[in-house]
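Each chain, letter by letter, is given below.
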Amino acid sequence: MALTSIRPGRAADGQAEGTARVSAALWRRAWLRATLTLSPPLAWFLVIYLASLVLMLITAFWTVNPFTNTLEHTWTLANFRQLLTATYLSIIGRTVGMAAIVTVTDAILALPFAYYMARIASRRGRQLLFTAVLLPLWASYIARVYAWIVILQKGGTLSWALTKLGAGSVNIGYTNTAMWIVFSYIWLPFMIVPVYGALERIPDSFLEASGDLGARAWRTVRSVVLPLVLPGMVAGSIFTFSLTLGDFITPLLVGGANSNFIGNVIYSNLGTAGNLPFAAALAIVPIVIMVFYLLGARSLGAFESV
Amino acid sequence: MRRSGMWTRAGAILAAASALALAAGCSSSSSGTPSAGSSGGGGATSGLTAPEANAPVPSSVGKTEGKLNLIAWEGYAQPEWVKPYEAATGCQVSVKYAGSSSEMVSLMANGGGGQYDLVSASGDADLRLIYGGDVRPINIGLIPSWKNFHPFLQSPPFNTIGGKHFGVSYEFGPNVLLYSKTTFPTAPSSWSVLYDKKYAGQITVPDNPIQIADAALYLSKTKPSLGITDPYELTQSQFNAAVSLMKAEHPLVKKYWDLASQEISLFQSKTTVVGAAWPYQTNTLDAAGDKVADTIPSQGATGWADTWMLATKAPHPNCAYKWMQWVTTPKVQAQEADYFGETPANQLACPLMNKIQKGSCDAYHANAPESYFKTISFWKTPLAQCGNGKSDCIPFQQWVTAWTGITG
Amino acid sequence: MEGRLARIGLRIWVGGVLAFLFVPIAIICFYAFNSSNVQSWPIRGLSTKWFSVAWHDPQVRAALGLSLKAAVLATVIALLLGTAAAFGVHRFRFFGREAVSLLLVLPLSLPGIITGIALNSAFNFAGVSLSLLTIVIGHATFCIVVVYNNVLARLRRVSGSLYEASADLGAHGFFAFRTITVPTLSTALVSGALLAFALSFDEVIVTTFTAGAQNTLPLWVFGAIRLGQQLPEVNVVVVGVLALTVIPVIIAARLTGAGGITRASAGAVRTPRD
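Those protein sequence lines, which keep their order, are chains A, B and C. The first sequence begins at 2 in my numbering and counts up by one. The second sequence begins at 2 in my numbering and counts up by one. The third sequence begins at 63 in my numbering and counts up by one.
FYI, nobody ran anything at the bench for these hints, they're computed from the structure. It is possible that part of the hints are untrue.
Stated by the list, open to error - Listed next, with one range per pair, are the computed distances between beta-carbon atoms: (1) V115(C) - R220(A): 43 to 49 Å; (2) F207(A) - A81(C): 30 to 36 Å; (3) V115(C) - A168(A): 35 to 41 Å; (4) W117(C) - S238(B): 56 to 62 Å; (5) A81(C) - I357(B): 42 to 48 Å; (6) A79(A) - S238(B): 20 to 26 Å; (7) T86(A) - S299(B): 36 to 42 Å; (8) W161(A) - K64(B): 36 to 42 Å; (9) G222(C) - V23(A): 18 to 24 Å; (10) G222(C) - R124(A): 27 to 33 Å; (11) G107(C) - T178(A): 42 to 48 Å; (12) T178(A) - S191(B): 48 to 54 Å; (13) F157(C) - W28(A): 17 to 23 Å; (14) S91(A) - T187(B): 38 to 44 Å.
Backbone N, C-alpha and C define an ideal beta-carbon position, used for all residues, glycine too.
I would like the entire structure built from these sequences, with the hints used as guidance.
Okay, here's the thing in structure tokens:
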């Protein structure tokens, strides 16, 4: 960009007169600029996303004609009453519990990996590792979960490997343990990426200073690294938590007889039963949970302060 | 100040969106509600009228439209008979597979939504589709194979209302007991093996609320005191008994299968040794070399009788008619019967079945079908109106709720 | 800072995690050569016939084409609207800014099944028939968020004094946009677009509810696993897609210095200086 002559109010060399006028008019009217920039995305979100969410939430107060599967616009709280029964409360509890365990697992798996990637690996190594983390996201999610069935089934890869190592066989296919493994596997890249981002941002000087002050490695990790990495972990946990709350494919494929999760109960209520109002009522549960989670994450600094 | 600002703004946005949706929602009417009259006396659905009963039917099949969209059970659109159809008619077939009748009903909402042409609906979906106005009558005269159908499948009550054919019968079959020949050298003679603690953790049954009918069928023979005559018309006490049986079975079940491929996977890895299945799974496992077989135990079986039904808003009706003509020919009927393990509607299929696989005509009862047909309790939608004039039977929606409680 | 023991330990950990990430991929590649359509362990036989089956399968081609179309369209919409949203939130202080930034994060924070059901019921209600358009709308909704996060994070790191200097030198808004903003944002846009494309291409949960009678590639896979007759073909297709995307992913990692993509999570990370 060449330096141009200074003529206030007039277009600099290389700029068209007409666009300069429009540009100046816009510069004077910040509200116009704001409206023009914000209206398209906001319109999309309000009209398409928020309105459909609200519409779905409204159907939670309706019922469906069981014979013909058509919606009946009679207002009722029956769906919510049904939610508060033991069956569904235990399903919700199980899902939230699994989401929490998976989040913790992924955080533990991701931290040393991301630390190595951010602070120890060479530039080449970092790019390689990054490619390695992102590449699985391009292999179909369903195919990857399906591959785990082969690995975890009776006499499958895991069992075979353990037998060869002399550790005896395992039969964890179609159990909640299997689901824990598969969930942790699938969401791991989503946790590694923000944790890596947070670690990458810690200036070397912080760690050096901590060393200068006499802290050994573990103390530095505990007092300096972890607090700074926490926002990244929380950002990653938003993914792992919400994705586990709503997933129906993994419980369907990998789960056993005690694996009714919110996601697949919603899915089966829609498909097998065609009961949109009840599915919507059940869907409110993860929405409420995630809204609280997001607010908590914000206070922990996962988003930059606005 | 900032926080309250955010909440008031969020609240305003939410209120605006809600008002919009509410206003729109209250002013619209739900689509396709059937004109339900009083259901006094007689059959469970008497008094209901089929909205599309008087829709015009074509007198001939016109020019094909180049495309066909099906909703079908897994195994109903195999390349062996799809490819010749595509070559002969130029209609490119695309299939959406559904795992349950309710899923089919959902997909077919609003007359197929202008997307789907045909659905291979089982008996429990047929009436719901008809009375929901989602399917329309066809001109059975345009299906030449129909005259060769077994008489009881030409105009069965689940797809023919008031003389109007809402589709053409296709094939029928039982839900069988699949077992590993290693564990069971001789075929089990009773469904009790599914409830037997001896096989804990090695049992699998379908993840479908209609399974409760299987438990009811079993109880109808093993606990006659309950008085179950029709496994789909259950009073509260009969229903409770069936549900308790399934809940007792729950700890023994390894997995409630949703996809046929899952049951196949369970058996070939020897995770399960016995389970409720479709003959499709048996055939696939057998072809892959696994030692399994299926049987119908002494208490009988539930089953399905399928009809290809035409969507009210089918975008490619001529291709649809060509499909219905094609899949009712003896050759395709035989191929399907052999592939899936079911019984054809077309009587002329029997010798062709034996050509594909010797003895299959007998194995699938294609030569003595009427008596066989009567032994199967075909899927039908559980309604509050019991057949005997009472209205205290448990409707399907409660089956669904109970099912979630059973599968835990 | 890290001692030798720590480094060795970390290396082992990294190796372990990499193995964890890639064992299923290896299984998929291996079973692409399965001669039987039943996925048993140990494998029953090897064969390359499924490669030819997949290549000639019109359903796969149609699904792949639809996936690509949907991903491209969704990414374009996301780039336009996501960048606009990022600018809006970053540059202007307006009443309700916090609410808007929360709203813009929702599509990725709420489970996909909720977005799917909501959109499906909205489409049914509005009488919009499900087609490529509805698929794109569904995908674009969360792709916008991805681009928004990327661009916003980058905008926050760009010093405002660049614009003041350019204005002092006589450049008007559009000119400054063209010559300053776009170059600084370029890597953020590229990484955002790439991640949006990836998310859209492999999306199945929302697409189940927003697709009509057509199949994107993930939907085709979902149908194929029901049948279980074409499992090796599914593996072949996945291997094919992976082979095609290895190069772009490597390029992207190199282009953005591996760091640019870190901003692609649901929410930028607070820097130590804030």
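Structure-based check of all given hints:
Checked against the given bound of 43 to 49 Å, the beta carbons of V115(C) and R220(A), roughly 59 Å apart, lie outside it. Range check, F207(A) to A81(C): about 32 Å between beta-carbon atoms, so the 30 to 36 Å window is met. At roughly 38 Å, the beta carbons of V115(C) and A168(A) sit within the given window of 35 to 41 Å. For the hinted restraint 56 to 62 Å between W117(C) and S238(B), the CB-CB distance of approximately 59 Å keeps it satisfied.
Hint check: A81(C) to I357(B), Cβ distance near 47 Å, so the stated range 42 to 48 Å holds. Distance hint for A79(A) and S238(B): a CB-CB separation of about 23 Å, consistent with the stated range 20 to 26 Å. Range check, T86(A) to S299(B): Cβ separation about 37 Å, and the 36 to 42 Å hint holds. For the pair W161(A) and K64(B), the beta carbons lie near 57 Å from each other, so the given range of 36 to 42 Å is not met.
Taken as a hint, the range 18 to 24 Å holds for the pair G222(C) and V23(A), whose Cβ atoms sit roughly 22 Å apart. Remark: the range hint 27 to 33 Å for G222(C) to R124(A) is upheld by a beta-carbon distance near 30 Å. For G107(C) and T178(A), the hinted distance range of 42 to 48 Å is not satisfied, since their beta carbons lie about 31 Å from each other. For T178(A) and S191(B), the Cβ-Cβ distance of about 34 Å falls outside the hinted range of 48 to 54 Å, so the restraint is violated.
Distance hint check for F157(C) and W28(A): the Cβ-Cβ separation is about 22 Å, which falls inside the suggested range of 17 to 23 Å. Checked against the hint of 38 to 44 Å, the pair S91(A) and T187(B) passes, with Cβ atoms roughly 41 Å apart.
Consistency note: the structure conflicts with the earlier hints numbered 1, 8, 11, 12.
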